[in-house]
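Trainee: Those protein sequences? They're chains A and B, same order as listed. Numbering of the first sequence is given in my numbering, commencing with residue 3 and proceeding in unit increments. Numbering of the second sequence is given in my numbering, commencing with residue 1340 and proceeding in unit increments.
Simulated from the structure, these hints should not be mistaken for laboratory data. Wrong hints could be hidden among the right ones.
Cross-link-like lysine-lysine pairs, in silico, DSSO-like; alpha carbons within 30 angstroms at most [unchecked claim]:
| id | chain 1 | residue 1 | chain 2 | residue 2 |
| --- | --- | --- | --- | --- |
| 1 | A | 118 | A | 139 |
| 2 | A | 64 | A | 139 |
| 3 | B | 1422 | A | 64 |
| 4 | B | 1422 | A | 33 |
| 5 | B | 1422 | B | 1440 |
| 6 | A | 93 | A | 139 |
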Amino acid sequence: MSDCIRLEYDVDGDNFSSAGHASESVKRTLKQMGVSAASVRRVAIAMYEGEINMVIHAHGGKAIAEIYPERIDITLQDSGPGIADIDLAMKAGYSTASENIRSLGFGAGMGLPNMKKYSDEMKIDSTVGVGTTVYLKIGF
Amino acid sequence: MNVREFAQKAGYAVFSEGEDREIESGYCGDFLSNIISRAPDSCAWLTVMNNVNVAAVATLIDCACIILCEGVAPDDALAARAKMQSVWLLGAKGNVYEEAKRVAALCGV
Ligand SMILES: Nc1ncnc2c1ncn2[C@@H]1O[C@H](COP(=O)(O)OP(=O)(O)OP(=O)(O)O)[C@@H](O)[C@H]1O
Ligand SMILES: [Mg+2]
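Pulled out of the complex, with its shape left as it was, chain B reads as follows (with noise of 0.2 angstroms):
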């Protein structure tokens, strides 16, 4: 499923748009440098991270998108940043395990 279509599916809020994508996988993590060395490409990332240097590391592991979880919202430095390099910055009220739990089933990953 892309992107655009799973927010809207699961009710996120949507913070910032990138390319409509198709979701791949998906990986959890707050470490960025454990982020970095294992998400797969075109992942769905999920974490309560909530810092500028998440929508840097996002495009360096070319995610699909990053989850906000815990209905963490970005703070002004992130949304700014995200959107100037056009990443799909997305919110959810659900805590990592309940959020991954529906990207599993709306995505099939």
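Chain A extracted, bound-state conformation (with noise of 0.2 angstroms):
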């Protein structure tokens, strides 16, 4: 655990300006550790994607980042209403989003599908009525 930088964040469920703070906390953070634009990139999607989700679909949450030499564990654990079908969840083109959500760019379905393509490992544990919880790793 010692050559980890742990870094936690209160994601603000009611907040969509400060929605993405956590994720560019990190970019920030990574990049002046040096690790390679491109690897900062695919956190920095990850991340906010997984953040955005739980302001929008879970009234907000929690976001850890641990980070080590070579690579970043990340998880978003929210309280919200759970996801019933995970497999239907992840699929493109997916969302349940409300119409006042599609009015600010949201719900084209694509934030899991997205957060797949730039993570190296992802899992979603998740209880409807009890909340989820998605654990991603990402290697520089």
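Each chain sits in its own coordinate frame; assemble them with the hints.
Mentor: Rendered as structure tokens:
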């Protein structure tokens, strides 16, 4: 654990204007550590999508980043409504976003597929009525 | 062509400035997750979407500039975030198709 930098963020569920701050902060940290631009971009995108999902689908949650010399582990944890059918949610184009959310530019149903595309490992634990936790591992 | 020269030649409003870099391609879209996965690096991103998340996405995709089309003016939150993140945020009068043609003609992309 000692060679790991651990960053933790509260992701505010009612504030669209602060959404993205956790991923931006991680992005800055990785850049300062000299991680390659391509890797920083993958991490920033995957984490941003996860952060936004917690804001628009789950009233916010917690984002935890654990940075090792050669990889990052990201945990996105919420106490939202949960996902009933994870395979369906992972399908490109599937979205339950409301009209209101779509008018903000979200709801293409591409967030989870993007997270999968830009990570090396992705796992979703979800229980309806309890919440969702998404785990991402991204190598540098 | 670099963003500053392009904005001037196109007669665009400049709401926020960033690094003066070359426009290498273009991308049109309003759904942020599509843009994230498909927009090429250093593109001019043309959109009618007007909210703070546009600036966040622009930094993620590392575009050369954002072009808000159809006379859309950024809301205060977007303008502030774009300035904070040093992202070029430009305003154009025409629709996305017309402005994409302008980018193509002026920048040769
Ligand atoms: N943290 C979450 N809690 C509850 N449901 C979620 C969560 N994340 C995703 N979902 C569900 O999975 C669906 C697909 O998610 P995905 O991120 O792919 O698309 P989206 O968020 O609807 O649109 P986009 O990401 O393209 O803006 C969502 O519409 C929602 O029903
Ligand atoms: Mg999403």
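Trainee: Run every hint past the structure and note whether it holds.
Mentor: Comparing the hints with the structure gives:
1. A/118 to A/139: With a Cα-Cα distance of about 10 angstroms, the restraint between residue 118 of chain A and residue 139 of chain A holds, given a limit of 30 angstroms.
2. A/64 to A/139: 17 angstroms, holds
3. B/1422 to A/64: 27 angstroms, holds
4. B/1422 to A/33: 20 angstroms, holds
5. B/1422 to B/1440: With a Cα-Cα distance of about 27 angstroms, the restraint between residue 1422 of chain B and residue 1440 of chain B holds, given a limit of 30 angstroms.
6. A/93 to A/139: Given that 30 angstroms is the threshold and the Cα spacing comes to 20 angstroms, the pair holds.
Checked against the numbered hints above, the structure breaks none of them.
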